[in-house]
Amino acid sequence: MVESHIIEQENFAHLALQEGWQLVICNSGIDAIHWFNKNNKADLLVIEEDSAPLNGYQTADYLKTELGLMLPILITVGTVPNPQELRVIAYAEGVIKKPFIKSTTILQINEILERYPERDSVQNDSYSLNYLRDIFDGHEESVFESLELFSTSVNTELEQLNVELQDRDYNRIREIAHSIKPSFEMLENETGRCICHLLNSEAEETEMPGLIHDLQLEFASITKQLTRDFPELKIGR
Amino acid sequence: MKKILVIEDNPMVIKSLQFKLTKDGHEVLIAKDGREAMKFLKEANFDLILTDLMLPFVTGKELISYIKKNSPKTPIIVLSTSTQENIIMDAFNMGVDDFITKPFSPNELSLRVKRFLNKA
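Residue numbers (this note's numbering), protein chains in the order written: chain U, 4 to 240; chain Z, -15 to 104.
It is worth saying that the hints were derived from the structure and are not from the lab.
Possibly wrong hints are sitting among the right ones.
To be verified - Below are the EDC-like pairs computed for lysine to aspartate or glutamate, each with C-alpha atoms no more than 16 angstroms apart in a straight line: (1) Z:Lys4 with U:Glu144; (2) Z:Lys103 with Z:Asp31; (3) Z:Lys(-1) with U:Asp53; (4) Z:Lys4 with U:Asp137; (5) Z:Lys(-1) with U:Glu151; (6) Z:Lys45 with U:Glu178; (7) Z:Lys(-1) with U:Glu143; (8) Z:Lys(-1) with U:Glu144; (9) Z:Lys7 with U:Asp140; (10) Z:Lys16 with U:Glu178; (11) U:Lys67 with U:Glu143; (12) Z:Lys4 with U:Glu143.
Start from the sequences and build out the full structure, keeping to the hints where you can.
See below:
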């Protein structure tokens, strides 16, 4: 938690004790970033909106974009929250109003913890959700539907690549690579993007079997990570 | 409400375009291949067309040629990837109005679409 108001900090600490939450208090967003750099394991970050020098949303942005952490983040706000751009709001999973009211705060946090079951918050190199969150204005359901679409649609096209490879239809292979390249780009997966680019443009016919094999391995790695991070989604099923 | 035809075969790109354009207040029709697009184009008029160039059944070039012949005032924005410079140049020579690189920036898409719809 990052909370500069000492009474609110104590209120929250009291709730945490009562609910059995293990609480770590950081002095600022930067302090929290340092903590995550050393520990990178927490189920939730609760951070005040006007933390300084990085505010709550900027801290959330940094943790998710730069450190690739997957944990949910709640922003604590006063009676009148500061207006924020939609894309900035998308970095947080919700807001809690201050002063903390015991029943609603506990309910809100438990709901978030249920929605985001314990995940491996270690840096994830296979994919990023930043682009999807941006394009869907933080609408999580659409982000998750897109992940399922990625899994089913790319899987189908990869199976088709094998068929075309057997038929030696190299033009069709280039077309399929062109078609699925944006799917890897939308998950910000550089390996998949590069392989699709090569298959679509520069690769010799003799290089294609190896590249297709590598693309399938990369896809398997992404879907494995997605299954681990989002067991509730229909990934690879 | 302006009517936009999106011709694109990648389901993730379709979903994102549909979300963004609908949210911006437009009516969006999706054609997943060139054949389906031709069917829509014969049945209705559109205020704007967003199209990929590498499509199953009927190519983007054939589609652009059809649109320019039958509905020359309808603006066309090409959805391209960064590796298609030559194809994009050919499309411009055929009279397309603009292009957007996939995956697109949400704000850029909104602005470019708005620009052409205001002209229409």
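For this session: Sort out which numbered hints this structure fails and list those numbers smallest first.
Result: 3
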